[in-house]
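Take a look at the letters that make up each chain.
Protein chains: 2
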Amino acid sequence: MNDVVSQNIRSHYDKFSSKYQSFLLLDLSLDMTRGKPSPTQLNLSDDLLSLPGTNYQTPQGTDTRNYGILDGLPGIKSLFAELLGVQANQVIVGGNSSLTMMYDTLQRACQFGVPGGDSPWNSEPNRKFLCPTPGYDRHFLITQHLGFELINIDITDTGPDMDQVEWLVKNDPTIKGIWCIPKYSNPTGCCYSPETVKRLAAMPTAATDFRIMWDNAYAEHHFNDNHPELDNIANHSQQTGNENRAIQFASTSKMTLPGAGVAAMAASEENIADAKKHLNVQGIGPDKVNQLRHLQFFGDIAGLRRHMKEHAKQVKPKFDLVDRILHEELSQWNIASWTKPEGGYFISLDVTPGLARKVIELSQKAGVKLTGAGAPFPYV
Amino acid sequence: MNDVVSQNIRSHYDKFSSKYQSFLLLDLSLDMTRGKPSPTQLNLSDDLLSLPGTNYQTPQGTDTRNYGILDGLPGIKSLFAELLGVQANQVIVGGNSSLTMMYDTLQRACQFGVPGGDSPWNSEPNRKFLCPTPGYDRHFLITQHLGFELINIDITDTGPDMDQVEWLVKNDPTIKGIWCIPKYSNPTGCCYSPETVKRLAAMPTAATDFRIMWDNAYAEHHFNDNHPELDNIANHSQQTGNENRAIQFASTSKMTLPGAGVAAMAASEENIADAKKHLNVQGIGPDKVNQLRHLQFFGDIAGLRRHMKEHAKQVKPKFDLVDRILHEELSQWNIASWTKPEGGYFISLDVTPGLARKVIELSQKAGVKLTGAGAPFPYV
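Here the protein sequences come in this chain order: A and B. Numbers 683 to 1062, taken from our numbering, label the letters of the first sequence in order. Numbers 683 to 1062, taken from our numbering, label the letters of the second sequence in order.
Treat the hints with care, since some could be wrong.
Copies of the same chain are indistinguishable here, so a pair counts whether it falls within one copy or spans any two.
To be verified - Here are the simulated DSS-like pairs of lysine-lysine, each with C-alpha atoms no more than 30 angstroms apart in a straight line:
no., residue 1, residue 2
1, 958, 1051
2, 1051, 959
3, 1047, 1000
4, 1047, 958
5, 1000, 701
6, 959, 1040
7, 959, 1047
8, 810, 959
9, 958, 810
10, 718, 959
11, 958, 697
12, 701, 1051
13, 880, 1047
14, 1040, 1022
15, 995, 1022
Think of the hints as simulated: they come from the structure by calculation, not from any bench. These numbers were taken from a predicted model, which means no experiment stands behind them.
Start from the sequences and build out the full structure, keeping to the hints where you can.
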């Protein structure tokens, strides 16, 4: 290395080091490991915290304070039905966590089996699950914990690489399903194209009880009015005779209060009847007061969408800022690429191989926690 | 039959028929199939329905609206710890249903096994569970659904017949546990004696991973100040080297709002660590806002006990009335016996063999739904 280059590098190093030192002095404490709304976003839902007050009956006259109603209040079932593009009788509204509903759904499949299958999934020791990567570590963890071998599928700008998916599921009956975050996917932010949705719904599968875990967590989490439309997986599955294939999930965790929201699942009537048969043993029913609270807070789907625009007003400028700074600071060096999503909660930053751990380590020392380097990849 | 006897019977029959006809005219609609609090009892907790308002932080400064805290708020853990006679680090506070926590606990044992065992319970095809009867049908249903053979144990005034229990568990390693409602047992209302609690904690079991499902649902549901004291199963289990044996459950379902309350489990630190390992996969955490709501509403264990006295004021006169009417109407005929509990939610009425179904049918026609005749007995 000649002296000029060496001096040039040293000069940059000194500049960046000094900048990093100035970050350290800021004494930051930011946790960006998860899609965690900011307190000012939570403030948007503060009215929820004193509901329902004395107004604890549904419009139909049900006293939500007492026992009963296994699958959720009719009003909140209708709201999620509109959100997910199904009929209200295809919906179960549960407790505070869609992740828990996903875990339960797969645990039930392992213990008891599902419609279309001839035995519990536990009886297949080599059961496998497809994991579009980079993806959501908590999804992967559920299937790993329940004894599935995880198979990586490349994710593209239009969703999982469908050639890979179709070839695998056509030939291997031990592949029981696939994880999907079809809109503003965690973490790349991609939206599944209509073509991808159709192919997922229509593809032949060797497993007769194949399931798509359709985690539509960010269905209404757009930054702009002009946002991508997700095709309706339920309709396509029905049209292709695979109506039991897709199980949709959603929650208000990133609409109202994370952890104190309402979660739902939607599927074919046969899937819903099967789930309810087990839910009737698993408990008495969900927290209907919290469901009513949410129903009163949103009013209807239009109210929910108005509320989400308030979130967008807060979130979009932050995403724009991150994108601008990444551009200003990194684009000239050709060492990083990142996504620019139109909604959701994540920006995925790829850096030169081997560098991610160092970036995360330096951020952490400066008080900014980032998601672990290998988290979006199974077994990493 | 001579004419006098025949005439006497006809006279009684006419009297009772006419009385029954008068009941029909009342046009009643009462559901007594479950321990369901009355609306006036629910009114005792109406303040809960507008909490926490703007006061959404814990005294320690945790914003309960956001993600985090897998095992419940420290304050509510301490409250349940006092209720169940354990340390706060032996408690997990979950969602709205203790029944769901019980199901989850057993489903996890089936899928993954528990401390002390060498394999998942699913790997024992002949797994069995002891069911003191008459007992709670929802308990029995959980273990039946999860593939256990249910073994009836007679219940006495002091709890399950311990001679039966000890003999069975000593000899059969496929017996994995026993259901217990140790205080104001559903449905007989009995309280386990100190002797029973000690024997359950100390008895040798062939299964190294035997579990007592200790559903202390009515721990504070006394009718009188002078009420039976339940011995501490956790202490006895620890003293006899069986600290992993008992798993306690409780909830506020019959303290505040059924379905919108808070549930908890308590066990050895090893059991709790094992449960948390799985809960970390099952979801993000419980509804902390509802936990805070309850904490603010009760204040502390003394506040909870004051609240329960208000329930007793409403419930005790109803139990007294039922007992008085049963005495007045039935004691002379020698065809029925019934329990007179000191707390809880149930009176168990035994009638001449074969008559129960007829009683329930006639009640139903008069608009009073009673629990099905065989419900407290497995396989009936």
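A quick look at each hint next to the structure:
For the identical chains of this complex, residue 958 and residue 1051 are inter-copy neighbours only, at 23 angstroms across copies versus 40 angstroms inside a copy, given an alpha-carbon limit of 30 angstroms. Proximity of residue 1051 to residue 959 under the C-alpha cut-off of 30 angstroms is restricted to the inter-copy arrangement: shortest distance 23 angstroms between copies versus 43 angstroms within a copy. Proximity of residue 1047 and residue 1000 under a CA criterion of 30 angstroms is satisfied intra-copy only: 22 angstroms inside one chain copy versus 64 angstroms between copies. Taking the shortest alpha-carbon separations for residue 1047 and residue 958, only the inter-copy value of 29 angstroms comes in at or below 30 angstroms, while the best intra-copy value is 48 angstroms.
In the homo-oligomer, the alpha carbons of residue 1000 and residue 701 lie at most 30 angstroms apart inside one protomer (21 angstroms), although the nearest pairing across protomers, at 74 angstroms, exceeds that limit. Within a single copy, residue 959 and residue 1040 get their C-alpha atoms only as close as 50 angstroms, which misses the 30 angstroms cut-off; across copies the closest is 29 angstroms, which meets it. For a Cα distance limit of 30 angstroms, the shortest separation of residue 959 from residue 1047 across copies, 28 angstroms, qualifies, whereas the shortest one inside one copy, 50 angstroms, does not. In this homomeric assembly, residue 810 and residue 959 come within 30 angstroms of each other (Cα to Cα) both inside a single copy, at 26 angstroms, and across copies, at 22 angstroms.
When the C-alpha separation of residue 958 and residue 810 is checked against a cutoff of 30 angstroms, the pair qualifies both within a copy, at 25 angstroms, and between copies, at 25 angstroms. With identical chains, the CA atoms of residue 718 and residue 959 are at most 30 angstroms apart between copies only, with a shortest distance of 22 angstroms across copies and 34 angstroms within one. Taking CA atoms no more than 30 angstroms apart as the test, residue 958 paired with residue 697 passes in neither setting, with 62 angstroms inside one copy and 46 angstroms between copies. With identical chains, the CA atoms of residue 701 and residue 1051 are at most 30 angstroms apart within one copy only, with a shortest distance of 18 angstroms there and 75 angstroms across copies.
Taking CA atoms no more than 30 angstroms apart as the test, residue 880 paired with residue 1047 passes in neither setting, with 46 angstroms inside one copy and 53 angstroms between copies. With identical chains, the CA atoms of residue 1040 and residue 1022 are at most 30 angstroms apart within one copy only, with a shortest distance of 23 angstroms there and 70 angstroms across copies. When the C-alpha separation of residue 995 and residue 1022 is checked against a cutoff of 30 angstroms, the pair qualifies only within one copy, where the shortest distance is 17 angstroms, while the shortest distance between copies is 62 angstroms.
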